[in-house]
Amino acid sequence: MKLTLKIWRQARGAQQGKLVDYEVDGVSEDMSFLEMLDLLNEELTVKGEEPVAFDSDCREGICGMCGVVINGTPHGRGNSPVPTTTCQLHMRSFSDGDTITIEPWKAEPFPVVKDLVVDRTAFDRIIQAGGFISVNTGSAPDAHSVPAPKLKADIAFDNATCIGCGACVAACPNASAMLFTSAKVTHLANLPQGQPERYLRVKNMVGQHDAEGFGNCSNIGECAAVCPKGIPLESISQLNRDLISSLFRKDGFKG
Amino acid sequence: MPDEIKTTAATGAPVATSVPASDADYYTIGEEINDAKANTDLPIAEVWPDRQFHAKLVNPANRRKMTIVIVGTGLAGAAAAASLGEAGYNVLNFCYQDSPRRAHSIAAQGGINAAKNYKNDNDSTFRLFYDTVKGGDYRARETNVYRLAAVSANIIDQCVAQGVPFAREYGGLLDTRSFGGVQVQRTFYARGQTGQQLLIGAYQALERQIAAGTVKMYPRHEMLEVIVKDGKARGIVARDMVTGEVTPHTGDAVVLATGGYGNVFFLSTNAMGCNVTATWRAHRKGAYFGNPCFTQIHPTCIPVHGENQSKLTLMSESLRNDGRIWVPKKVEDCDKDPRQIPEEDRDYYLERIYPSFGNLVPRDIASRQAKNMCDEGRGVGPMVKETDEDGNTRQVRRGVYLDFSDAISRLGKGGVEAKYGNLFDMYKQITSDDPYEVPMRIYPAVHYTMGGVWVDYDLQTTIPGLFVAGEANFSDHGANRLGASALMQGLADGYFVLPNTINDYLADNHPGQLPDDDPAVAEAVSTTNERIQKLLSIKGSRTVDSFHKELGNIMWEYCGMARSEEGLKKAIGLIRELREEFWRDVNVLGEAEDLNQTLERAGRVVDFFELGELMCIDALHRRESCGGHFRVEHQTEEGEALRHDDEFTYVAAWEWAGEGAKPVLHKEPLVYKAIELKQRSYK
Chain A
1 MKLTLKIWRQ
11 ARGAQQGKLV
21 DYEVDGVSED
31 MSFLEMLDLL
41 NEELTVKGEE
51 PVAFDSDCRE
61 GICGMCGVVI
71 NGTPHGRGNS
81 PVPTTTCQLH
91 MRSFSDGDTI
101 TIEPWKAEPF
111 PVVKDLVVDR
121 TAFDRIIQAG
131 GFISVNTGSA
141 PDAHSVPAPK
151 LKADIAFDNA
161 TCIGCGACVA
171 ACPNASAMLF
181 TSAKVTHLAN
191 LPQGQPERYL
201 RVKNMVGQHD
211 AEGFGNCSNI
221 GECAAVCPKG
231 IPLESISQLN
241 RDLISSLFRK
251 DGFKG
Chain B
1 MPDEIKTTAA
11 TGAPVATSVP
21 ASDADYYTIG
31 EEINDAKANT
41 DLPIAEVWPD
51 RQFHAKLVNP
61 ANRRKMTIVI
71 VGTGLAGAAA
81 AASLGEAGYN
91 VLNFCYQDSP
101 RRAHSIAAQG
111 GINAAKNYKN
121 DNDSTFRLFY
131 DTVKGGDYRA
141 RETNVYRLAA
151 VSANIIDQCV
161 AQGVPFAREY
171 GGLLDTRSFG
181 GVQVQRTFYA
191 RGQTGQQLLI
201 GAYQALERQI
211 AAGTVKMYPR
221 HEMLEVIVKD
231 GKARGIVARD
241 MVTGEVTPHT
251 GDAVVLATGG
261 YGNVFFLSTN
271 AMGCNVTATW
281 RAHRKGAYFG
291 NPCFTQIHPT
301 CIPVHGENQS
311 KLTLMSESLR
321 NDGRIWVPKK
331 VEDCDKDPRQ
341 IPEEDRDYYL
351 ERIYPSFGNL
361 VPRDIASRQA
371 KNMCDEGRGV
381 GPMVKETDED
391 GNTRQVRRGV
401 YLDFSDAISR
411 LGKGGVEAKY
421 GNLFDMYKQI
431 TSDDPYEVPM
441 RIYPAVHYTM
451 GGVWVDYDLQ
461 TTIPGLFVAG
471 EANFSDHGAN
481 RLGASALMQG
491 LADGYFVLPN
501 TINDYLADNH
511 PGQLPDDDPA
521 VAEAVSTTNE
531 RIQKLLSIKG
541 SRTVDSFHKE
551 LGNIMWEYCG
561 MARSEEGLKK
571 AIGLIRELRE
581 EFWRDVNVLG
591 EAEDLNQTLE
601 RAGRVVDFFE
611 LGELMCIDAL
621 HRRESCGGHF
631 RVEHQTEEGE
641 ALRHDDEFTY
651 VAAWEWAGEG
661 AKPVLHKEPL
671 VYKAIELKQR
681 SYK
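Protein chains in written order, with UniProt numbering: chain A, 1 to 255; chain B, 1 to 683.
Please note: incorrect hints may appear among the correct ones.
Calculated lysine-lysine pairs in the DSSO-like style (CA-CA distance at most 30 Å, straight line) [stated by the list, open to error]:
| # | chain 1 | residue 1 | chain 2 | residue 2 |
| --- | --- | --- | --- | --- |
| 1 | A | K6 | B | K534 |
| 2 | A | K2 | B | K549 |
| 3 | A | K152 | B | K37 |
| 4 | A | K152 | B | K428 |
| 5 | B | K678 | B | K662 |
| 6 | A | K47 | B | K428 |
| 7 | B | K336 | B | K65 |
| 8 | B | K65 | A | K150 |
| 9 | A | K2 | B | K413 |
| 10 | B | K413 | B | K428 |
| 11 | B | K385 | B | K285 |
| 12 | B | K216 | A | K106 |
| 13 | A | K150 | B | K37 |
| 14 | B | K413 | B | K336 |
| 15 | A | K6 | A | K18 |
| 16 | B | K570 | B | K534 |
| 17 | B | K428 | A | K2 |
| 18 | B | K428 | A | K150 |
| 19 | A | K106 | A | K150 |
| 20 | B | K570 | B | K539 |
| 21 | A | K47 | B | K37 |
| 22 | A | K6 | B | K428 |
| 23 | A | K152 | B | K119 |
| 24 | B | K570 | B | K673 |
| 25 | A | K203 | A | K152 |
| 26 | A | K18 | B | K662 |
| 27 | B | K549 | A | K47 |
| 28 | B | K37 | B | K413 |
| 29 | B | K678 | B | K285 |
| 30 | B | K662 | A | K6 |
| 31 | B | K119 | A | K47 |
| 32 | A | K203 | B | K216 |
For the record, the hints were derived by calculation from the structure and aren't laboratory data.
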């Protein structure tokens with residue numbers, strides 16, 4: 001396949017970037033999208049042009065490191081028949097002669113570092129605000145001492161699959177990270193181990209979410225539509241229910 | 001007479017003009033080395049409690065005054081940083097990713113072993129210990145493995161308490177399954193994402209400590225040097241990968257938990273960023289490197305599709321629980337639709353050759369048999385071009401079937417989906433074949449490295465104050481790692497071992513942080529900057545990746561699934577030539593003071609060159625077959641690995657002797673007191 005790529009180039013620290021056109025030839029349909037970019041970068045290097053910076057690591061769709069906006073949708077969801085990460089999008093989703101636009105995640109709390117690389121450390125700070133269970137190492141009770149109902153454990157699991165890639169934010173017109181935050185809240189709220197801190201957790205995490213500059217959820221649903229792991233919108237409902245409950249509970253307040 | 005090895009003036013890198021003849025041309029033998037921390041006179045079950053009791057303590061008030069530098073945020077690194085932070089130490093934690101949550105432990109799929117005996121199937125700590133030592137082909141240290149088995153049950157408790165959503169049965173209790181190389185059901189799992197769930201658990205514990213202020217996190221930082229002062233590790237030099245700033249970070253002790261080095265092969269199941277730099281830099285500063293040639297080839301990966309492929313994807317070994325592996329009996333059937341090949345024309349070769357373990361034989365055996373079937377011409381899938389040792393090209397099919405049709409008729413499509421759904425989706429996404437309809441195609445690929453930095457029972461290296469945990473050390477898996485035990489080792493080291501051993505060192509060594517103008521610090525920073533400047537100044541014609549791919553091809557061809565004396569010697573010569581060319585002709589664009597991904601990769605390839613050579617030397621000297629190390633000269637008439645316990649029951653601990661100088665081999669004899677040394681049999 002021969003493709004025309006319009007890629008966002010932005011120097012580190014620059015306020016402005018721009019789309020630059022590149023031609024790439026010899027793309028096979030078995031290649032992943034990132035392997036196609038590797039091919040372009042090899043050619044650029046040989047020509048003496050600086051390669052395009054982009055993030056990726058496991059290239060198995062699980063680490064959450066990769067992620068670009070392809071033809072207007074995060075992870076190229078508009079081109080892929082199934083939910084996917086950028087590394088698992090394959091070139092068989094494109095045709096010979098296509099023009100593909102490639103941009104970084106766009107959201108104020110995710111500043112561009114360089115080219116297609118953005119800073120997502122705001123997500124870590126949301127987890128720091130309470131996305132954990134406070135248990136110290138080495139003193140846990142036997143795992144079978146607290147049974148967890150399978151149905152709830154499965155809901156917890158479905159939400160625990162969030163890879164923190166940030167596609168939900170990039171897809172949201174309001175740059176909301178509510179899907180990400182709700183995935184962690186719902187994961188822990190559905191396990192018996194997560195109950196003691198449940199209501200304080202949701203308040204603190206939402207507080208941090210807002211402080212980072214992410215917008216509020218306006219129920220558009222783009223986040224869930226692009227989520228490579230299928231985190232459902234219902235998780236945001238769970239977050240909202242727990243958040244409202246926390247206002248009426250003593251354990252929702254900091255002691 | 002061996003030919004002289006020339007070194008280039010520019011880099012000191014040796015250039016092979018021809019292949020030397022004897023082992024003495026490649027390495028020298030040094031003094032024996034031993035672990036002095038485990039009291040092996042005690043019954044094996046008492047060794048760890050004894051060590052815990054005798055290890056010195058640091059009182060909580062003094063811990064606040066001590067700084068521990070931890071590199072890596074995978075299972076071992078994040079668990080150690082969280083636990084040591086919680087214990088009250090100041091922890092500085094580094095990772096090259098943008099968030100500690102992305103470490104490659106996240107990609108482990110299948111599960112984690114623990115001797116809980118929840119299934120009442122005769123499991124015990126001793127059985128897990130026995131299986132692991134046997135699975136590792138009796139090349140692991142007995143005391144370390146027993147400790148691993150002993151703390152395994154605590155790991156499950158810890159993770160469940162953290163909210164790790166393991167698979168559960170309807171009664172609310174944890175579910176388990178079995179894995180390759182064992183006959184009990186001791187593997188705890190979280191669908192096909194066990195690594196992710198365990199890592200997120202450790203990450204959450206880590207973030208909790210970051211919020212509490214005990215851990216300071218440095219994401220997008222790459223460690224490039226170890227700072228050693230008066231023979232003791234006192235810190236690291238790291239490059240901020242965004243600004244390019246190179247700065248020292250010092251403390252009272254250093255822990256490396258930086259994973260394995262499988263990416264020396266270029267194509268592997270490792271994440272793209274996995275590298276050997278942290279441990280290799282430690283090796284160059286005096287830490288011995290143990291058993292570098294022990295590489296695990298994982299049997300169930302998606303086969304290579306083309307020349308521009310960047311990595312290989314693993315399909316969880318748990319698939320072998322229900323999938324049946326076969327190839328056609330007749331070569332002429334190999335290009336047929338597998339569904340058209342009748343039962344009597346299929347060769348379920350693992351079930352045939354190894355009736356008691358069948359499709360669950362250990363990884364080394366399953367991998368080698370897949371290769372044998374393809375070498376016989378009975379592989380399936382597309383023809384791929386290969387170059388043999390004489391430079392001739394040939395077309396071979398590199399794939400075998402992993403067939404779920406029996407499982408689907410037994411469990412129903414829904415049953416199979418519940419167990420393996422995400423793996424099936426992943427396979428379809430990558431290959432565009434639907435494994436519910438057509439059997440999967442799999443082939444072995446480089447996965448895990450059992451070799452690593454030599455450590456004693458405390459996980460301390462030959463540099464006092466430098467500790468190495470998880471895949472980065474050599475200690476627990478011998479020559480082959482059983483499934484579901486990498487996660488176990490990472491968490492055991494991080495949560496339960498290091499927090500109980502590092503204090504013994506710190507109690508006597510608390511010199512604090514070094515000033516930036518200390519000569520040891522200044523030297524480490526300046527050599528790092530020089531290396532970076534040198535890479536940027538070459539401005540040659542070849543890309544970094546083209547060198548890495550070429551190195552990977554050499555390693556896979558000559559130091560991969562089968563090794564021979566002739567091939568290894570040839571490989572060493574080729575690596576030396578390629579390295580010389582690299583230093584002369586590599587093209588690294590961009591600047592040092594910027595986010596520069598080519599520069600990052602170039603620095604890693606530099607270290608892979610040196611490691612690759614040492615791997616070949618290690619493989620050359622070990623004239624036996626064991627685990628992931630298969631020497632073609634040492635096999636039984638049936639083609640099984642042939643160990644030579646009388647000569648090689650030791651750990652090969654290699655000492656760096658300087659650039660262009662021959663490495664020094666120190667042998668650590670392996671003594672088996674609790675377990676009888678036996679030839680492995682899975683028949």
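Cross-check of the supplied hints:
Restraint check for K6/A and K534/B: the C-alpha separation of about 33 Å exceeds 30 Å, so the hint is violated. The suggested pairing of K2/A with K549/B holds, with an alpha-carbon distance near 24 Å, which does not exceed 30 Å. Pair hint K152/A plus K37/B does not hold up; C-alpha atoms about 46 Å apart against a cutoff of 30 Å. Between K152/A and K428/B the CA atoms are separated by roughly 29 Å; this keeps the pair inside 30 Å, and the hint holds.
Taking the CA atoms of K678/B and K662/B, the gap is near 34 Å; set against the 30 Å cutoff, the hint is violated. Distance restraint check for K47/A and K428/B: the Cα-Cα separation of roughly 36 Å exceeds the 30 Å cut-off, and the hinted pair is therefore not satisfied. For a cut-off of 30 Å, the pair hint linking K336/B to K65/B is broken: about 69 Å separates their Cα positions. Straight-line distance between C-alpha atoms of K65/B and K150/A comes to about 45 Å, which puts the hinted pair past the 30 Å bound.
At roughly 39 Å between alpha-carbon atoms, K2/A and K413/B are farther apart than 30 Å, so this suggested pair is violated. Distance hint between K413/B and K428/B is fulfilled; the C-alpha atoms sit about 15 Å from each other, no more than 30 Å. About 41 Å separates the Cα atoms of K385/B and K285/B, which puts this hinted pair outside 30 Å; it is violated. Of the supplied pair hints, the one linking K216/B and K106/A holds, its CA atoms being roughly 28 Å apart against a limit of 30 Å.
Straight-line distance between C-alpha atoms of K150/A and K37/B comes to about 44 Å, which puts the hinted pair past the 30 Å bound. Distance hint between K413/B and K336/B is fulfilled; the C-alpha atoms sit about 24 Å from each other, no more than 30 Å. Between K6/A and K18/A the CA atoms are separated by roughly 9 Å; this keeps the pair inside 30 Å, and the hint holds. Our distance criterion of 30 Å between C-alpha atoms is met by K570/B and K534/B, whose separation comes to about 29 Å.
At roughly 25 Å between alpha-carbon atoms, K428/B and K2/A fall within 30 Å of each other, so this suggested pair holds. Between K428/B and K150/A, the direct Cα distance comes to roughly 28 Å. Compliance with the 30 Å bound is thereby established for this hinted pair. Between the alpha carbons of K106/A and K150/A the distance comes to roughly 38 Å, so the proposed pair goes past 30 Å and is violated. Of the pairs offered as hints, the one joining K570/B and K539/B holds, with about 29 Å between alpha carbons and a cut-off of 30 Å not exceeded.
As the CA atoms of K47/A and K37/B are separated by approximately 56 Å, the hinted pair breaks the 30 Å bound. For a cut-off of 30 Å, the pair hint linking K6/A to K428/B stands: about 29 Å separates their Cα positions. Taking the CA atoms of K152/A and K119/B, the gap is near 23 Å; set against the 30 Å cutoff, the hint holds. For the suggested pair K570/B and K673/B, the alpha carbons sit about 39 Å apart, so the restraint of at most 30 Å is broken.
With a C-alpha separation of about 22 Å, the suggested pairing of K203/A with K152/A holds against the 30 Å cut-off. At roughly 52 Å between alpha-carbon atoms, K18/A and K662/B are farther apart than 30 Å, so this suggested pair is violated. Taken as a hint, the K549/B and K47/A pair is honoured in the structure, with Cα atoms around 20 Å apart against an allowance of 30 Å. Under the criterion of a C-alpha separation no larger than 30 Å, the hint pairing K37/B with K413/B is inconsistent with the structure, at around 53 Å.
Using a Cα cut-off of 30 Å, the hinted pair K678/B and K285/B is violated, with the two alpha carbons roughly 37 Å apart. Simply put, K662/B and K6/A have alpha-carbon atoms about 51 Å apart, too far for the 30 Å limit, and the pair is violated. Distance check on the hinted pair: K119/B and K47/A sit about 61 Å apart at the alpha-carbon level, beyond 30 Å; violated. Distance check on the hinted pair: K203/A and K216/B sit about 24 Å apart at the alpha-carbon level, within 30 Å; holds.
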